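A.B. asks: Each chain is listed here by its residues.
Protein chains: 2
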Amino acid sequence: MRRIKLIVAYDGTNYCGWQVQPNGLSVQEVLNRALSDLFGVPVTTIGASRTDAGVHALGNVAVFDTEARMPAERVAFALNTRLPEDIRIQGSEEVPPEFHPRFTQTIKTYEYRILNRTFADPCRRLNSTFWYGKLDTDAMQKAAAYLEGTHDFKSLATANPAVTDTVRTIYKTRLWKEEDMIHFQITGNGFLYNMVRIIVGTLMEIGKGTWPPEQMQTILEAKDRSQAGPTARPEGLTLLKIEYPEWER
Amino acid sequence: MRRIKLIVAYDGTNYCGWQVQPNGLSVQEVLNRALSDLFGVPVTTIGASRTDAGVHALGNVAVFDTEARMPAERVAFALNTRLPEDIRIQGSEEVPPEFHPRFTQTIKTYEYRILNRTFADPCRRLNSTFWYGKLDTDAMQKAAAYLEGTHDFKSLATANPAVTDTVRTIYKTRLWKEEDMIHFQITGNGFLYNMVRIIVGTLMEIGKGTWPPEQMQTILEAKDRSQAGPTARPEGLTLLKIEYPEWER
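Chains L and A, in that order, are what the protein sequence lines are. Heads up, the first sequence stops at 1282 in our numbering, and the numbers go up one at a time, no gaps. Heads up, the second sequence stops at 1282 in our numbering, and the numbers go up one at a time, no gaps.
Think of the hints as simulated: they come from the structure by calculation, not from any bench. Keep in mind that this is a model prediction, so the values were computed, not measured. One or more hints might be untrue.
Copies of one chain are not kept apart here, so a pair can be met inside one copy or by any two copies together.
[Claimed, not checked] Straight-line C-alpha distance at most 25 angstroms; calculated SDA-like pairs for lysine to any residue:
1) 1274 with 1151
2) 1210 with 1156
3) 1210 with 1157
4) 1167 with 1126
5) 1167 with 1119
Construct the entire structure; sequences and hints are all you get.
C.D. replies: In structure tokens, the structure reads:
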């Protein structure tokens, strides 16, 4: 039995999220079906990140076990011919059988994109959020810097009874404007439920001038979700990559 | 009676093109309906460029005539609330009644995008063409330069019995790679049917090394469509803008 790791990219627009759900089509379900079809036996993947409905990925990670002899690197190509156009494997490799994509140390990087111009652009509506008003990117940058380091992110997450430890470490944030698009990238050792989208909703309030950049510090210290901004829309969010520092060769 | 000019952006994915057609939904039909709804009387637009099925626009132009008193600049905002998300007006202004968006001198700029990486990216599949193999952008740039100036573009267009004069002037071409995306921009005083897509199909053959850059010159001189490359797919093409030099204030 070999364990194969897949890098999975998808346009989340038409899916109910990563995770198999009773109602609605998930990315994982489509992937499991394509794998089962490819190998002629039922195959079930284990995913690294359960992205929400409408959220995209360039580098989500999934593993599956197989007895098949196909070279691990070929799986990506063979699988892509069986997947719809909105899901594309970006690479495949064999990993040790004890490698688990979720219960191991990870470094995740997300990008959130805000299209900031007078009129919406139909061609970019599916992978950015649109805001027509003025946004002060300098203030947003300053506010984002308060997130770096190890903090209790309780204020910046939707409560989840299954998760009691809300302390996470953010290694890096970057925020820049390129023509009419604001890019926000955040890298950390873990993210709570809706955390990136609530961070972005808060950054947008700061960009609009509702709050000064220092408010981010106050919000963190409050440990109270109601102090932060709204949850930004899912379509602006993309999971860029997941690194496994313990497993890098 | 006033004539109003609209700058029209759309994601062409779900349309049979700009022009009203008996089968399939066109951008123009949806726009006419939204305008008729807004003003409470039947309104018909005249478009500048009849883009094909799947082709996008950031700056197509259309005009319509109205007796309504709404300030011209407000039309864009009022109309956008009545349009689907894949069509968005980018601006509106009053123009002289003799302004015709098609029967007047124009400078059009198109962009074609080629995503050039090992695996396709689902999030960019709707507004670029994907090519996994090597493309020599220096050779493509050199080839594109042969297009500049006034030439007979008969080799680089689908034959159209209604158009006998196939001489056009290309003012400028630009081709560059930014990360994994090749951008090609072309500005000219007019484009024949499928001309930009056949130019791109030819540039891609040159980028792959099928032909040297100088072949572009040979193809132009042949005045024979069969000498050029295939017609590149529509989804990579966007009409960026249309300028009206005689009407600029």
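A.B. asks: Does each hint hold? Answer for all of them.
C.D. replies: How the hints compare with the structure:
no., hint, in the structure
1, 1274 with 1151, "between (31 angstroms within a copy, 17 angstroms between copies)"
2, 1210 with 1156, "both (18 angstroms within a copy, 20 angstroms between copies)"
3, 1210 with 1157, "both (15 angstroms within a copy, 20 angstroms between copies)"
4, 1167 with 1126, "between (45 angstroms within a copy, 23 angstroms between copies)"
5, 1167 with 1119, "between (33 angstroms within a copy, 23 angstroms between copies)"
When each numbered hint is compared with the structure, no violation occurs for any of them.
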